[in-house]
Amino acid sequence: MGDGFSSYCMRRIRQYGLPFVGLSISLDDPKALEWNRRTAAFCADTFYQAAEASEHLSFFRSGYDLNGVSPERVATLIQKNFEYRIAEMTKDAKRAKGKGRMTSHPPHSGSSSDSSEDGKLHARKLREADEQQDRRYARRVALSQRRYETVMIVPQLQQYQDLFLDERLCSSDESAAEDDDTTRIRHAPVWRSQRATALVEEIDESTRDLRRKGPKKSGRKPAKRISLGARGPRGGSGVSPCNLPGDCYDQFWLQSQDAKAKIELGVQPNIFED
Numbered sequence: 004m005g006d007g008f009s010s011y012c013m014r015r016i017r018q019y020g021l022p023f024v025g026l027s028i029s030l031d032d033p034k035a036l037e038w039n040r041r042t043a044a045f046c047a048d049t050f051y052q053a054a055e056a057s058e059h060l061s062f063f064r065s066g067y068d069l070n071g072v073s074p075e076r077v078a079t080l081i082q083k084n085f086e087y088r089i090a091e092m093t094k095d096a097k098r099a100k101g102k103g104r105m106t107s108h109p110p111h112s113g114s115s116s117d118s119s120e121d122g123k124l125h126a127r128k129l130r131e132a133d134e135q136q137d138r139r140y141a142r143r144v145a146l147s148q149r150r151y152e153t154v155m156i157v158p159q160l161q162q163y164q165d166l167f168l169d170e171r172l173c174s175s176d177e178s179a180a181e182d183d184d185t186t187r188i189r190h191a192p193v194w195r196s197q198r199a200t201a202l203v204e205e206i207d208e209s210t211r212d213l214r215r216k217g218p219k220k221s222g223r224k225p226a227k228r229i230s231l232g233a234r235g236p237r238g239g240s241g242v243s244p245c246n247l248p249g250d251c252y253d254q255f256w257l258q259s260q261d262a263k264a265k266i267e268l269g270v271q272p273n274i275f276e277d
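Just add 3 to wherever you are in the sequence shown, counting from 1, and you've got the numbering used here.
Read the hints as simulated data drawn from the structure, not as lab findings.
Treat each hint with caution, since some may be false.
[Claimed, not checked] Listed below are the simulated DSSO-like cross-link pairs for lysine-lysine, each with C-alpha atoms no more than 30 Å apart in a straight line:
(1) Lys123 <-> Lys83
(2) Lys83 <-> Lys34
(3) Lys128 <-> Lys97
(4) Lys97 <-> Lys123
(5) Lys123 <-> Lys34
(6) Lys83 <-> Lys128
(7) Lys83 <-> Lys94
(8) Lys123 <-> Lys94
(9) Lys34 <-> Lys94
(10) Lys97 <-> Lys34
(11) Lys94 <-> Lys128
(12) Lys97 <-> Lys83
Make a model of the complete structure from these sequences and hints.
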């Protein structure tokens, strides 16, 4: 489409009354809502112009057919995407404001732009921390699902299936069940008992056996995770899970908790046979 499409976009953006393309997070302001509405309409308009010229084929996977996609569907997808972006922008704005409240500047220590940049940097670091926490949670969930599938296949392990209905007994820093165990670093949670850790290691070994006997998984090997040593998270979780059997908790760790913490743990009857 080249320069012709650029000219079309510039003409349409003027017709929509937009000096530039952007979103506003001031959702209580009618003018801001009108701005976002015009931006959404402009995006839908230019998308269809690109679709008519088959320019979209450069961006979509091969075989993607737009013929059955209605204008209403496109408008809905654009609106949902905008809502997500506005929510993320709002989080960043709150983080930046929080940094501004925590940092006090002397009268002549710097300009307001310096403070704004500090806030943006702090917001970005908080976002990265949130995203890392989300990735760790996703690893724990995937790990619990994999272990649950294994215990349901191996008869002698089925009595422990309830332990893996969720991610509580799993750590984000435990290895995936690959043949080459040196590619991953294991950090058992500090609160988990040796018997519980031995159980998950037995399940992981059973998973590796099942995979060795089954078809090979395509694709490259997972990237090696570097051990952080003492700087690493304690078991990949900052909060100990509740309502697990008593013998899933390390007894020395359990005794170190105060009475209130023990009540909140909601310790259940033991599950391992003596």
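Results for each hint:
no. : hint             : in the structure
1   : Lys123 <-> Lys83 : holds, 25 Å
2   : Lys83 <-> Lys34  : holds, 20 Å
3   : Lys128 <-> Lys97 : holds, 13 Å
4   : Lys97 <-> Lys123 : holds, 10 Å
5   : Lys123 <-> Lys34 : holds, 25 Å
6   : Lys83 <-> Lys128 : holds, 26 Å
7   : Lys83 <-> Lys94  : holds, 17 Å
8   : Lys123 <-> Lys94 : holds, 11 Å
9   : Lys34 <-> Lys94  : holds, 21 Å
10  : Lys97 <-> Lys34  : holds, 21 Å
11  : Lys94 <-> Lys128 : holds, 12 Å
12  : Lys97 <-> Lys83  : holds, 21 Å
Comparing the model with each numbered hint stated earlier shows that all of them hold.
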